[in-house]
Each structure stands twice: as C-alpha cells, then as structure tokens.
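Dock chain one against chain two, each of which comes alone in its own frame, and use the hints as you go.
Quick mapping for you: the protein sequence lines, in order, are chains A and B. For the first sequence, the numbering used here gives the first residue as 31, with consecutive numbering after it. For the second sequence, the numbering used here gives the first residue as 3, with consecutive numbering after it.
Simulated from the structure, these hints should not be mistaken for lab results. It is possible that some hints are incorrect.
Calculated cross-link-like contacts (lysine-lysine; reagent style DSS-like; alpha-carbon spacing at most 30 Å) [unchecked claim]:
no.: 1; chain 1: A; residue 1: Lys265; chain 2: A; residue 2: Lys243
no.: 2; chain 1: A; residue 1: Lys166; chain 2: A; residue 2: Lys306
no.: 3; chain 1: A; residue 1: Lys254; chain 2: B; residue 2: Lys168
no.: 4; chain 1: B; residue 1: Lys42; chain 2: A; residue 2: Lys151
no.: 5; chain 1: B; residue 1: Lys168; chain 2: A; residue 2: Lys233
no.: 6; chain 1: B; residue 1: Lys168; chain 2: A; residue 2: Lys306
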Amino acid sequence: MKSGSNLEKILKAGHFAFTGELGPPRGTGVDEVKHKASFLKGMVDSVNITDNQTAVVRMSSWAASLIVLQEGLEPNYQMVCRDRNRLAMQSDILGAYTLGIRNMLCLSGDHQKFGDHPQAKGVFDIDSMQLIAMVKKMRDEGKFLGGTDIEHPPKIFIGAAANPFADPFEWRVHRLAKKVAAGVDFIQTQCIYNMEKFRNFIKLANDMGLTEKVYILAGVTPMKSVGMARYMKAKVPGMDVPDEIIKRLQGVEKTKVADEGIKIACEQIEEFKELKGVAGVHLMAIEWEHKVPEIAKRAKVLPRPVMD
Amino acid sequence: MIVAKRKPFEEIKHFLKGYKKVLNVGCGTCVAVCLAGGEKEVSVLNAELDMARKIDDNPIEISGITIERQCDREYLEVLDAKVGEYEALLSMACGAGIQFLAERYPNIPVFPAVDTTFIGVNQAVGWYEERCRSCSSCVLGQTGGICPVTLCAKGLYNGPCGGTNKGSCEIDSNQPCAWYMIYERLKGQGRLECILEITPANDWQNQTPRTVIQPGYSKPETAGK
Numbered sequence: 031m032k033s034g035s036n037l038e039k040i041l042k043a044g045h046f047a048f049t050g051e052l053g054p055p056r057g058t059g060v061d062e063v064k065h066k067a068s069f070l071k072g073m074v075d076s077v078n079i080t081d082n083q084t085a086v087v088r089m090s091s092w093a094a095s096l097i098v099l100q101e102g103l104e105p106n107y108q109m110v111c112r113d114r115n116r117l118a119m120q121s122d123i124l125g126a127y128t129l130g131i132r133n134m135l136c137l138s139g140d141h142q143k144f145g146d147h148p149q150a151k152g153v154f155d156i157d158s159m160q161l162i163a164m165v166k167k168m169r170d171e172g173k174f175l176g177g178t179d180i181e182h183p184p185k186i187f188i189g190a191a192a193n194p195f196a197d198p199f200e201w202r203v204h205r206l207a208k209k210v211a212a213g214v215d216f217i218q219t220q221c222i223y224n225m226e227k228f229r230n231f232i233k234l235a236n237d238m239g240l241t242e243k244v245y246i247l248a249g250v251t252p253m254k255s256v257g258m259a260r261y262m263k264a265k266v267p268g269m270d271v272p273d274e275i276i277k278r279l280q281g282v283e284k285t286k287v288a289d290e291g292i293k294i295a296c297e298q299i300e301e302f303k304e305l306k307g308v309a310g311v312h313l314m315a316i317e318w319e320h321k322v323p324e325i326a327k328r329a330k331v332l333p334r335p336v337m338d
Numbered sequence: 003m004i005v006a007k008r009k010p011f012e013e014i015k016h017f018l019k020g021y022k023k024v025l026n027v028g029c030g031t032c033v034a035v036c037l038a039g040g041e042k043e044v045s046v047l048n049a050e051l052d053m054a055r056k057i058d059d060n061p062i063e064i065s066g067i068t069i070e071r072q073c074d075r076e077y078l079e080v081l082d083a084k085v086g087e088y089e090a091l092l093s094m095a096c097g098a099g100i101q102f103l104a105e106r107y108p109n110i111p112v113f114p115a116v117d118t119t120f121i122g123v124n125q126a127v128g129w130y131e132e133r134c135r136s137c138s139s140c141v142l143g144q145t146g147g148i149c150p151v152t153l154c155a156k157g158l159y160n161g162p163c164g165g166t167n168k169g170s171c172e173i174d175s176n177q178p179c180a181w182y183m184i185y186e187r188l189k190g191q192g193r194l195e196c197i198l199e200i201t202p203a204n205d206w207q208n209q210t211p212r213t214v215i216q217p218g219y220s221k222p223e224t225a226g227k
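This is chain B alone, in the form it adopts within the complex (with noise of 0.2 Å):
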C-alpha cells in the first residue's frame, strides 16, 4: 500500500489561513489502512484546526467526508454537488489522489494535509516499512524477493558494497545490508548463481511521468474529465 504521514499541523494551518469554509476529504484506502488519512484521521485533524482557530480568534467552518478512493473518478463523483460551498478542499489522501481532486475541481485550491512517503508493507499496527520504489523494471525474480533498488541505501545492482558491517549496512547498524540478506537468502535456496552474473547498467523508467493502458484496454475518450 500507499503510507503517507499526516503533515505537521502548523504548516496545515498556514494553508488554510486566509480561508474561513473548507472541507477536509479523507480517503478511505491506503491512508486509512496507514492510519493517515481516513475517516478517523479527518474527524481528528478537522477538531484540531476547529480549536486552534477559535483560540486566534478566527473561526473556520471545516466539514469532513471521507471517500473510497481519491484516485478513483468513480469515487469523486459525489463531490461535484459538495464543493461548490467551500472556498478551498484539504486532502488527506496521498499524492496522486490530492492531484486527482485537484484536477477534478481546478478553481477551487487544493492543499495536501498528508506528506506521502512510501509503498510499503504493515509491519505491526502503526509501524510501516518501504519495500518497492515503483522503478518500473522489477529484478526481485534474481534477488531472491529482496528489492536492492528500495533497501540498499545505494541503490546497488551488483552489491555488497564493501561497507557492509555484521550484515548491516554502513548507514546505519539498525538498517540491515540489502544485499547480505540477499546473499543469505539465495544461498539457503542453493540459487546464488543468479547474483553471478552482472547485471548491467539500468534502463531507468522513472525519469518521465509514466503511463499504464493493460492488454485490451484503450486510452478512454473521457480521459481527463
């Protein structure tokens, strides 16, 4: 999943200074699963700002709702008969769902309340880790499920570099060596002939915004609306 970590209220707050009418749209996916953005998440942010206000002596009228998926035009659709009352919109959802809202209602200014930090996996409630920097061409098939490009803090496809320590990377002791957990790995599956071979320089894809259309499927001709 997408995890985001709410903003610092201080900066929230400066957004929305010159604003007395707004509505908070949370968003019932990844950032609700991450404990960011979701219905709780906005009830929670929105008595902050409720408070906050009243005690500089400048009221602010925020409503919540919270929706599926911000992503998701389906979704946003029953927003169209909403946000014509408010003066601007806060997002909680993450980076591509705050664009999407934006986009849907371009006069009306947007703010993001959630910094969106990393794909990741549910480690314990509340404790979350990255695991995949969306790069595009995935090598986990020869990296024995160990993403280096993610948890190698160089990036390396052809690692170790000579700065693992005790199986830790040289960054940090509490930050294990990507690569001494691949070698690890691979070897308790007797395949460490696939980290034999070089892998050669990378055909970098995330250079450009990218774009998926799936097999039998076509660019819609309601794209962008």
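Okay, chain A solo, but in the shape it has when bound (with noise of 0.2 Å):
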C-alpha cells in the first residue's frame, strides 16, 4: 500500500470505485459542508474537495478536506499550483497529511482570469506534472523537492485529472503518459459525454500498457437542465458535448429533463463498468450533492465496497 486510503484499497482489490465531489462554501459556514457531507456519506468512495475552483475564493481545501473527514468520508484533497509555491504547497501537503488527509489530486488550476479576483498574480511555480512529481518524491524518497529529507514522510495516493476532449486529442494520451511517468496512482477525467472519442482515449491508454499503470475513473456529470447542456457546450474550455445529448434533453417534458440527464449518466456508468481500462466513476453532481444516493442507487453502484 502506497497510502493505505479507502480509495487506494478499494482500487487494489478491484473494485469499481465511484467518487463524489463537493464545493467548500464561500463563507464559513460549516454546517453547509456538513450538510453537503451527509448526502455523500455511504454513497462514495472518496470525495474530492475542490480548491477554489474556477478561481473564486471559497475554505481552503484542506480546512473542508478535515470536516468532511469528521464527517466520515473520505476526502481527496485538491491541489491547484495557481495559488501557491512550491514552498506553501509542501507545508500544506505535510499539514494535510498529519491530520488525516490520504488522498490527493494535483490540478493546474482555471486561470486566475475567470474568478473573482481577477487582478491577482498567478503562482505556477511549479505545474500539475511537477507537482506529481513532487508528491512522489516526497512519499517515496522521503525528500523535499529542494532536496533534504522529511521526517515522517507523508503517504499521499496521488491523483491527476485528465482531459481526452481538448485539443490536441492525438496528444492527450502522451500527457496521461506523461504524468504516469510522474508518478500518478489515479486519474479522474473531465466529464464525458462523447462517448465515441472516450472510448478511442480509453483503447489507445490501453494499448500503450497506461491503464495497467495507473487507475482511470471516467468523469460523469449529469444535466439538470437543456441549459445547462448548452452552457457547457458552448462556454467550458476543453468540453465537448454532442447534439444528441442536448436533442435527448429536449425530447422530454420539461419536467422530466434533469430525470433525462440522470438517465443518461446512469447509462454511461454501466458501460463504464464493462469499459477496459476504467477502474471506476467519478461523479460530480454541482451543487447536486443531494442527488447522490438517488444517481447511485439508478447506477446500481452500492453498496459501497467497506475495506479494513
């Protein structure tokens, strides 16, 4: 065992595992994560907290991470290299690890440009491939990325994100190399609505031997609305929604489309299940954390596998 995680073990003794997301809140308020915490709780196997995400400023990552973790779920602690050096991301990473904290995902980060503090300057000292490699080489060498040893280096099973839709698509597969070279344990994707090119992604990750490697967990999202189908259409960076999800939503009773986009995620569970090289699903339901037991009850994906 890398780190002895839920995840980590659930992953190794080959089961699908299924991960859930949540948004720590704007505020202080933490009776907000709380509540969100209780729907996810028994539904998944890890819960991703995200780190500011889309630059806006929210509870820092790890302070989530821990109430979730009293919650009794497992968090999998975001990390961005947009707000932070090297020198912050390796304290944090020592402090999160000390309280608990088993699980990692190393983003690069959206773009300062788009939050709410657009003046601000970005960081990136080091990148998301770096940082993977530093978190490996923290746990496994037991050294500090400038070299000097840990005292009781931290065991962090180390995830990365992974983008098969952004262009270019021959190339996407070589940055999944790349960061397997780096030293990754577990991948969660963009979410997925175009099945055909996942399926493409998936099979060249296999053929090049990476999903022996590293751990796939394909990205789901299900559509509330035909809206929201067109917002991220049109406006998300590096997605890539077909006609035929948007035709599908607007095929139904208004009433009845955030049913629809339930449905069509559950349906692309169950072929992830049966997919080669997808290790398990990762869902992020926005602001939806209450729809959790109902979408993973629909996916046939509890009870959730308990580990020692």
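Here's what the structure looks like:
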C-alpha cells in the first residue's frame, strides 16, 4: 500500500470505484459542508474537495477536507498550482497528511482571470506534472523537492486529471503517459459526454499499457437542464457535448429533463463498468449533492464496499 | 526589443505639477522603434504639456532631448552639462533607462513618462506582441521555438492543460494556445519526442536582481558612476 487510503484499497482490491465531489463554501459555514457531506456518506469511496474552483475564493480545500473527514467521509484533497509556490504546497501537504488526509488530486487550476480576483498574480511556480512528481518524491524518497530529508514522510495516494477532449486529441494520451511517468496513481477525467471519443482515448491508453499502471476513473456530470448542456457545450473550455445529448434532453417533457440527465449518466456508468481500462467513476454532481444517493442507487453502485 | 507605452497624460501631468522647468529625455533605441519614447514622442508630449499647463494658468518651461540609449553610460554623458538647469527630468526610456538616468543624477527628481510593457516583436507598424519573459533559462530548443513561459497563460512547462479550446487558450478565444502551437510545430518537424519527457520544476533565476558579466570581462572599477 502506498497510502492505505480507502480509495487505494478499493481500487487495489479490484472494486469499481465511485467517487464524488464537494465544493467548499464561500464563507465559514461549517454546516453547509456537513449538510452536503451527509448526502455523500456511504455513497462514495472518496470525495473530492475542490481548491478555489474556477478561481473563486472559498474555504481552503484542506480545511473543508478535514470537516468531511470528521463526518466520516474520505476526502480527496485537491490542490492547484495557481495559488501556491512549492514551499506553501509542501507545507500544506505535510499538514494535511498529519491531520489524516490520504488522497490528493494535483491540478494546474483554472486561470485567475475567470474568478473573483482577476487582478491576482498567478503563481504557477510548478505545474501539475511537476506537482505529481513532487508528491511522489516526498512519499517514496522521503525528500522535499529541494532535496532535504522529511521526517515521517507523507504517504499520499496521488491523483491527477485528464481531459481526453481538449485539443490536440492525439496528444492527450501522451500527456496521460507523462503523468504516469511522473508518478500518478489514479486519474479522474473531465466530464464525459462524447462516449465515442472517450472509447478511443481509453483504447489508446490500453494499447500503450497505461491502464495497467494507473487507475482511470471516468468523469460523469449529469445534465440538469437543456440550458446547462448548451452552456457546457458553448462556454466551458475543453468540454465536448455532442448534439445528440442536447437533442435527447430536448425530447422529453420539461419536468423530466433532469431525470433524463440522470438516466444518461446511469447508462454511461453501466458502460464504464464493462469498459476495459476504466477502474471507476468520478461523479461530479455540481451543487446537486442531494441527488447523489438517487444517482448511486440507479447506477447500481451500492452498497459501497467496506474495506479494513 | 523592449516595448513600452506612454503613460496616461493626466498621470504625467500630475508628476510635474510642482515643477516649472523640466527636461524630457527620450531614448533613440527600443522605445523609439515601438513609437513610445523617441524624438517624435518627446516633442508631442512636450507640446501637450505646454498647452495643458497654459490652460491651467501654471506655465511650464519644458525642453526635450533624445539620446541614443539611456541604458548606456556613454550616451548619458552629453546630459551632464545640461541637467543642472532643470528642476526635474522626465524620461521616455524603458524602466532600465529611467533608472540609469536617475542613478546618474541622484539629486534631481526623475519621472517616468512610459510604462515598460514587455520584450516583444514588431508584427506590423504600431502592433507589438510579447515573446520573452527573460527567465534566464531558455527552453526554446525543446519547444519548437515557441516560449511557454511567455505565451502560455499559466506558464506551464508540461502543457497543454485541459483548457485548450480548438487551438485557443481558455482565457480568450483570440489567444492561441502556446502548447497547441508547440505540438503542431514539433509534429511538423517530426520532433514530438522533445516534449515526451517531463520537464522538471524550474530553477527560477529571475527572483533576485541579475548581473551578467560576459566571458573575458570583469566588473569595471568605475561601476556605479
């Protein structure tokens, strides 16, 4: 075991993993975190705690991770390269591990231009690839990036993102290969809507032997409305929403659109369970945490395995 | 070259509020080429200042001189005999030139008339684009001659990130993705292997003031004066 986290145990045992996501509040509302966590408990193996997502200031990812941990859920602590230099990152990793955090997701981060402080100086001292390598070095060599020894090194299960849909498509699998070479243990992908493109991506990853070296969790976000689908297609960079998805949502009564979105997500999850190279699903039910129990049930991923 | 743009007129006017006799020093190199601080720009700014101060009923005696380079001691020398006549100096050189001027005449206030913007190229007359952040550790050999430090909005060394959108950057659809361009160029040259290896964390060398002494040279005794 590299970290002994629940997520690592689930994946290592060969179970189909199911992870969720929780966005920290724009303030100090601990009850809001607990309320969202209550819907996820027992439904997911680990929950991603986002780090100032879309470059909007929120409660720190490590603090919300600790609240979630106290609520009996395993956090997957997200860290972006936008807001911290290598000193701050390493000290946060030490602190997070010390207080019980065992999974991390290493990300570049959305550009600060999108957020609520577009005047900010973006740090980007290191990039997501270099962050993966740094956490691995801390864990496996017991050394800081600067080379000095760490007393009681942090044992982190290292995650990263992959976007199979951003350009150039042919390069995406090579970028995945670089993340594997950097030392990533698991990958959570961008929200998948274009299944054909995703199948091609996974096939390439299988052919290159990458899926034997890294656990890939397929990203799923149920569409709540036609408007959401249109917005994601037109406005979210690197998102690929085929017209069939929009047409299918348009084809049902207005009151049934959200249900159809969940239906599509469940069909995807059923396919991922059978798809070689996919080790689980990462469900990003954005501000829809209360729907996770229903989605988990309908996707037939319950009960979640209990590991020792 | 170093590209600059003139500061807003009101800001320049505010700097000079309390001075009645000012010398505006232009620079004949980079800022002249990018149409920000050469001879022509010195005379235009002086005419504007002269007129504005007359309207304010607070006339200013403003002269202009444009020297070859303000970042070179050899060319600053011609000012030695003149500056004593003035209460303040305005400089239209880049930030380096302004500082070198201020360093030479420490008893005279020196004000900037331009904002130094970047090291860039001349795409067309009056149109300049940034190309270099002078990071001190050039990676252009591996990146097909396209700088990710400057042209990637996140300065990624192992891009492209997941925000690449049909070849453009996530920050703006009019901004090409540097890593998309790097990929395309290296693919065309059959050199994609250049970016298959992980580039390790950068050794940032631009975090303290840098000095370069070329081989065979040493710091001159007269440095600083």
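Here is how each hint holds up against the structure:
1. A:Lys265 to A:Lys243: 34 Å, violated
2. A:Lys166 to A:Lys306: 27 Å, holds
3. A:Lys254 to B:Lys168: At roughly 26 Å apart (the allowed maximum being 30 Å), Lys168 of chain B and Lys254 of chain A satisfy the hint.
4. B:Lys42 to A:Lys151: Violated. Lys42 of chain B to Lys151 of chain A sits at ~35 Å, over the 30 Å cutoff.
5. B:Lys168 to A:Lys233: 23 Å, holds
6. B:Lys168 to A:Lys306: 29 Å, holds
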